[in-house]
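Undergrad: Build the full structure now, drawing on both the sequences and the hints.
Residue numbers (this note's numbering), protein chains in the order written: chain A, 1 to 116; chain B, 1 to 117.
Hints were generated in silico from the structure; no laboratory data involved.
Misleading hints may appear alongside valid ones.
To be verified - Computed list of lysine to any residue pairs in SDA-like fashion (alpha-carbon distance at most 25 Å, straight line): (1) B:Lys14 / A:Asn41; (2) A:Lys69 / A:Val83; (3) A:Lys113 / B:Gly40; (4) B:Lys57 / A:Thr108; (5) B:Lys71 / A:Asn102; (6) A:Lys22 / A:Val83; (7) B:Lys57 / A:Lys58; (8) A:Lys113 / A:Leu19; (9) B:Lys57 / A:Ser97; (10) A:Lys58 / B:Lys71; (11) B:Lys57 / A:Lys22; (12) A:Lys22 / B:Glu44; (13) A:Lys113 / B:Ser96; (14) A:Lys22 / B:Thr105; (15) B:Lys57 / A:Ser28; (16) B:Lys57 / A:Asn30; (17) A:Lys77 / B:Val116; (18) B:Lys57 / A:Lys77.
Said to hold, decoys possible - Heads up, incomplete: computed chain A residues facing chain B, CB under 10 Å, no partners named: (19) Ser73; (20) Gly107; (21) Gly109.
Since the structure is predicted, the reported quantities are computational estimates derived from the model, not experimental observations.
Quick reminder that beta carbons are idealized off the backbone N, C-alpha and C, glycines included.
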Amino acid sequence: AQSVAQPEDQVNVAEGNPLTVKCTYSVSGNPYLFWYVQYPNRGLQFLLKYITGDNLVKGSYGFEAEFNKSQTSFHLKKPSALVSDSALYFCAVRDRSAGGGNKLTFGTGTQLKVEL
Amino acid sequence: DTGVSQDPRHKITKRGQNVTFRCDPISEHNRLYWYRQTLGQGPEFLTYFQNEAQLEKSRLLSDRFSAERPKGSFSTLEIQRTEQGDSAMYLCASSSTGASGLTDTQYFGPGTRLTVL
Numbered sequence: 001a002q003s004v005a006q007p008e009d010q011v012n013v014a015e016g017n018p019l020t021v022k023c024t025y026s027v028s029g030n031p032y033l034f035w036y037v038q039y040p041n042r043g044l045q046f047l048l049k050y051i052t053g054d055n056l057v058k059g060s061y062g063f064e065a066e067f068n069k070s071q072t073s074f075h076l077k078k079p080s081a082l083v084s085d086s087a088l089y090f091c092a093v094r095d096r097s098a099g100g101g102n103k104l105t106f107g108t109g110t111q112l113k114v115e116l
Numbered sequence: 001d002t003g004v005s006q007d008p009r010h011k012i013t014k015r016g017q018n019v020t021f022r023c024d025p026i027s028e029h030n031r032l033y034w035y036r037q038t039l040g041q042g043p044e045f046l047t048y049f050q051n052e053a054q055l056e057k058s059r060l061l062s063d064r065f066s067a068e069r070p071k072g073s074f075s076t077l078e079i080q081r082t083e084q085g086d087s088a089m090y091l092c093a094s095s096s097t098g099a100s101g102l103t104d105t106q107y108f109g110p111g112t113r114l115t116v117l
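TA: Shown next as structure tokens:
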């Protein structure tokens with residue numbers, strides 16, 4: 001079974017400050033990892049993914065995430081937050097093993113609030 | 001490049017009625033997924049198609065739910081005898097199997113919000 005934990009329901013940060021949204025995962029095999037963002041009454045928008053290779057993944061809108069296998073984490077980061085980054089962020093995992101299927105398993109989401 | 005589209009965007013129905021939702025994937029995508037999202041939760045996987053074949057179904061997909069993708073293009077999700085617990089956002093996603101063999105990215109539509117009274 002695969003699972004994702006996002007330990008913070010909400011993260012507050014001042015505009016211009018760095019932000020981190022935390023994610024840890026559990027899979028039986030090796031993971032594929034994803035971050036999506038959701039704006040109110042909208043579907044999910046893809047930000048970035050980790051498949052293999054460099055542990056630091058760069059994505060859309062200046063976001064990046066670092067894969068840490070020993071800590072089973074994939075935290076989302078941005079060096080300088082914008083008010084427009086305020087949204088709901090979801091981490092997702094897919095098991096790379098043959099029996100893992102193609103489904104994504106999502107965390108419960110972290111509401112990011114960036115204030116002036 | 002148009003994205004994934006879903007119709008309708010909102011549906012209000014009475015308990016016991018049947019409802020059907022449609023999803024049109026990105027045109028070149030051969031994989032299509034349905035997820036359900038309730039308030040305060042992340043999306044939960046329901047089912048997955050590769051072309052017209054339904055390859056995976058979640059235990060969440062009770063016998064009141066049925067999904068089809070008859071020609072490997074658009075898909076429909078039908079819920080029979082709706083219950084209040086079916087109220088949720090139903091999300092569709094599509095992806096393409098790449099030649100590199102690396103995992104494909106799922107792109108989501110705007111969702112259909114179902115309210116069962």
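Undergrad: Each hint should be assessed against the structure and marked as holding or not.
TA: Here is what the structure says about each hint:
no.	hint	verdict
1	B:Lys14 / A:Asn41	22 Å, holds
2	A:Lys69 / A:Val83	31 Å, violated
3	A:Lys113 / B:Gly40	16 Å, holds
4	B:Lys57 / A:Thr108	21 Å, holds
5	B:Lys71 / A:Asn102	21 Å, holds
6	A:Lys22 / A:Val83	19 Å, holds
7	B:Lys57 / A:Lys58	32 Å, violated
8	A:Lys113 / A:Leu19	10 Å, holds
9	B:Lys57 / A:Ser97	18 Å, holds
10	A:Lys58 / B:Lys71	37 Å, violated
11	B:Lys57 / A:Lys22	29 Å, violated
12	A:Lys22 / B:Glu44	20 Å, holds
13	A:Lys113 / B:Ser96	33 Å, violated
14	A:Lys22 / B:Thr105	21 Å, holds
15	B:Lys57 / A:Ser28	20 Å, holds
16	B:Lys57 / A:Asn30	22 Å, holds
17	A:Lys77 / B:Val116	39 Å, violated
18	B:Lys57 / A:Lys77	34 Å, violated
19	Ser73	17 Å, violated
20	Gly107	5 Å, holds
21	Gly109	6 Å, holds
Against the hints set out earlier in the document, violations occur for numbers 2, 7, 10, 11, 13, 17, 18 and 19.
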